[in-house]
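Next come the chains, spelled out residue by residue.
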Amino acid sequence: MSYAEFLGMGAELSLMAVIILLFIYDTFASQKSGKYLPITAVSLLAIQTLYLAFGGIQEALLFGGMYSTTTMSNVAKIILNIGTILVFIQAASWVKDDDMKIRRGEYYVLTLITLLGMYFMMSAQNFLLFFIGLETASLPMTALVAIEKYKENSYEAAAKYLFFAVFSSALMLLGLSYIYGAVGSLYYSTIAASFTVTPLTIMAVVLFLAGMGFKLSLVPFHLWTADVYQGAPTVVTSYLSVISKGAAAYALMIALMTAFGQEALGIWINVLYIVIILTITIGNLFAIRQQNIKRFLAFSSISQAGYIMLGVMACNDFGATSLLYYVLVYIFSNIAAFAVAGAIERASGKLNINDYDGLYKTNPKLSVAMMLAMFSLAGIPPFAGFFSKFFIFYSAIETGIGAMYVLVFIALLNTIISLYYYLLVVKAMFLKESENPIAPIKSDCYTKTVIFITGLGIVLLGLVSWIYDYIFSAVV
Amino acid sequence: MSILSIFVIIPILMLGGLFLSKNMKQIRTVATVGSALQLIAAIALVVLFCGKRAAGDTAEMLFMADHVWFQALNIHYAVGVDGVSVAMILLSAIIVFAGVFASWKIDPLPKEFFMWLILLSIGVYGFFISIDLFTMFMFYEVALIPMYLLIGIWGSGKKYYSAMKLTLMLMGGSALLLLGILGIYFNSSADGNLTMNILEIAKNNAIPHTLQNILFPLTFVGFGVLGAMFPFHTWSPDGHASAPTAVSMLHAGVLMKLGGYGCFRVAMYLMPYATQELSWIFLILTGISVFYGAYSACVQTDLKYINAYSSVSHCGLVLFALLMWNTTAMTGAIMQMLSHGLMTALFFALIGMIYGRTHTRDIREMGGLMKIMPFLSVCYVIAGLASLGLPGLSGFVAEMTIFVGAFDHADTFRRVFTILACTSIVITAVYILRVVGKILYGPVQDKHHLELTDAVWYEKFSTIVLIIAVAGIGIFPLWVSDLIRESIKVISERIIQ
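So the protein sequences, as listed, match chains A and B. Going by the numbering used here, the first residue of the first sequence is number 1108, and it counts up by one from there. Going by the numbering used here, the first residue of the second sequence is number 43, and it counts up by one from there.
Hints in this document: simulated from the structure, not taken from any laboratory. Treat the hints with caution; some may be incorrect.
[Unchecked claim] List time: in silico SDA-like cross-link candidates among lysine to any residue, alpha-carbon distance up to 20 angstroms: (1) B/Lys64 - A/Glu1452; (2) A/Lys1468 - B/Lys153; (3) A/Lys1539 - B/Asn247; (4) B/Lys531 - B/Leu432; (5) A/Lys1472 - B/Gly199; (6) A/Lys1472 - B/Asn116; (7) A/Lys1539 - B/Asn116; (8) A/Lys1208 - A/Ile1524; (9) B/Lys153 - A/Lys1457; (10) A/Lys1539 - B/Met106; (11) A/Lys1472 - B/Lys64; (12) A/Lys1457 - A/Thr1469; (13) B/Lys245 - B/His451; (14) A/Lys1472 - B/Ser198; (15) B/Lys531 - B/Lys64; (16) B/Lys502 - B/Ile424; (17) B/Lys245 - B/Asn116; (18) A/Lys1539 - B/Glu154; (19) B/Lys531 - B/Thr100; (20) B/Lys64 - A/Lys1208; (21) A/Lys1267 - A/Lys1208.
[Said to hold, decoys possible] Now the stretches of chain A that chain B is said to cover, found in silico as 3 or more residues with beta-carbon under 8 angstroms: (22) 1256-1265; (23) 1297-1309; (24) 1437-1443; (25) 1481-1489; (26) 1524-1535.
Idealized CB from N, CA, C, for every residue including glycine.
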């Protein structure tokens, strides 16, 4: 393998460079100069994102076909990077806290290592690399969930996350070992070519799906989600809910469409069909009753994962594009929601939806940002969520299968349920009045920046069509 | 850039202006100037449209423009108007204009109120000018969601319940619609050149008959929810009763027309076969709307509920007439839309003004208002007479055309239904005259009412604008029916053949 070929891994190499630079900076920086770490992290990641977008990374198949770069995976990485940058800006005010000051280096480096793991997972063409990427993403994540270790919730959340992560990895490995036993290879291409449907391989595919179901918090593997989201620091939760989920969804799509794209299609498509219906419906029904905003967003994100999976079901170019586009829009909407929730939590310590009563009177800007996020998540035009939902339904119906109409219909009915609970938040903020509303919050410039960027994104991502066109051109 | 895009651009500019306004005066200036410009633009559009038609331009839609939006998905921003859309745009402009004056003293949060109201109007105008299914659907939903906040924040009574019920039911309708639209799109062409453009879909006429029988109910019910079709009308009385004045006006006056317009523009126009096959089911449902709405209005004691049920009845008549699919009846349906839009807006404006003074809408607690506030009372009588179909006002023209057209149908089933629906006119008279007799004449029920004052200038202005329009249709009906007849003919001929 020549050096020029090696550059096909440009995305991973550049991210590794960012990690090393940040690590060195954090190690040698004094207490005083260390406060520029957040801004350094954001700018380095931004430069790396620009490199991904305009650096001319070639399509490549490396390490004997284990690793591949495609324009599609490159776009997926760019989307995740944008999300990570937003989370980093959001985190900047959090890591200034006294307790977090000494750990801020760890926060940034660990987060970027999980991102690196996701890169590998998304570029994998072999289940071994896929698994290594997945674990690289999962283990630092546990540390991140527990990063506020003096808080009991954080402990509990980390323990739950760890156990579920390990358990799901074990399930997946079991499935992969069956596949290796049946096919004799872990390369996607070989599996696709020599897969035959036997009870063993059916079991294998189902186990693999179950393992990924945990990562994506699909029903019935969603039980950890609400507790972990609630216990983890809000910044970590927002990372977990958008970036982890987006990466897992993309990687799963690639694995299903390439490795299990031919013979195995009939197996997973039926399983996924039921899982999607359950995920969307149960996520929605549980979200209605939630009072804690983080648990609320946890269940809402469960149901959103169901919608994302509709793009996988479609199994076509539109499906892949819509999935990536949905993830992008979801990143903006969910980070906006978490940014507002986080700002309110930091200022007043309040996390209940009831506490938001009359918020518009005291904090109009935060309320409007939250409202935009809720409308976008619910799929109300002219906000981006409407477009992403429409496109994902479009791609599902494009298959022309009658059962897909039914699936889309169920998903559509669920958007009504979801609209109900998203409107409950809007109702608390705008309609209700409170005797002691949350006092006016003076957010710092970081929170303002995140809210401004995400708000702008929510309004423009849909109306400006070239974003979709850009993703589409990369996929085709 | 087509002239039609002006109708979307002006409200967007208004939103910007409202956002920057500092005090009530500026807010009022922006709202008044903007909605006046809209009204002028709408009148200009009618004039231009008639001019083009007179010059012999017989294209189905005029002022067409088409911009590619999402290339890969065949989604365009495509606009164009025929006579019906032009009439609807004019109706919307009049009601928005009157609505601004009716909410002159809105409190609290005037700025937000007008911003939501204008956002709603963007949806309405956009819907009427679109000929692309996606754009149309998008604007449709844009018009729906502001209702939640408008009712929830500025409403009265059990406003949380009503706002949520209304939003969820209408969004439920649009969920059906979305499925219908996707179904139509993926079958829009036999040779694989899929399109979202309504005109092209109609030209291709490629939707298989079996599929039409599935998609027609989806789209018809989807729009029918907004058109208050039985049994999906239950959002309407609660919603109207809780909404603030201008929102009731806009909602009953314009938004419910979106339902009727969508029913014939999308459901009936694109799926003529299923229209013939299945219209009997919906004829029964809309027939029930007509009846049930009128009877319910008779027993209500809240002025707004009376009017809301009357709207159910009248809007039911719109869908009923559309389903007769002959040119006369459909022309009547469109005229009924215009007439009902104007007179309901007038009703709700007057009820809002009366309620603002008496602080009650219960007809048992009011009486003798004619002596106390003569201007409002006279206007109320005029609105009532228009509603029960007095010749010379808009209601008569519309209902006359509908029943003549409907009876024209050779089908016995339809004739029987027409006769039954005709009786609703009598019931309308019952509930209108009951209210007029009870609250305007008779003894004064509450001596505090004697101290109340009559309308002030902005209220008078708002009502007079609407009364002129109501009388306009009543006195020059031909002028209106000429505007829409040609466009209706295209659609009805498509269904009959």
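Comparing the hints with the structure gives:
no. : hint                  : in the structure
1   : B/Lys64 - A/Glu1452   : violated, 31 angstroms
2   : A/Lys1468 - B/Lys153  : holds, 13 angstroms
3   : A/Lys1539 - B/Asn247  : violated, 50 angstroms
4   : B/Lys531 - B/Leu432   : violated, 27 angstroms
5   : A/Lys1472 - B/Gly199  : violated, 28 angstroms
6   : A/Lys1472 - B/Asn116  : violated, 36 angstroms
7   : A/Lys1539 - B/Asn116  : violated, 42 angstroms
8   : A/Lys1208 - A/Ile1524 : violated, 42 angstroms
9   : B/Lys153 - A/Lys1457  : violated, 29 angstroms
10  : A/Lys1539 - B/Met106  : violated, 45 angstroms
11  : A/Lys1472 - B/Lys64   : holds, 16 angstroms
12  : A/Lys1457 - A/Thr1469 : holds, 15 angstroms
13  : B/Lys245 - B/His451   : violated, 26 angstroms
14  : A/Lys1472 - B/Ser198  : violated, 26 angstroms
15  : B/Lys531 - B/Lys64    : violated, 50 angstroms
16  : B/Lys502 - B/Ile424   : holds, 14 angstroms
17  : B/Lys245 - B/Asn116   : holds, 17 angstroms
18  : A/Lys1539 - B/Glu154  : holds, 16 angstroms
19  : B/Lys531 - B/Thr100   : holds, 12 angstroms
20  : B/Lys64 - A/Lys1208   : violated, 42 angstroms
21  : A/Lys1267 - A/Lys1208 : violated, 26 angstroms
22  : 1256-1265             : violated (count 0)
23  : 1297-1309             : violated (count 0)
24  : 1437-1443             : violated (count 0)
25  : 1481-1489             : holds (count 4)
26  : 1524-1535             : holds (count 5)
Of the numbered hints given earlier, the model fails hints 1, 3, 4, 5, 6, 7, 8, 9, 10, 13, 14, 15, 20, 21, 22, 23 and 24; all others are met.
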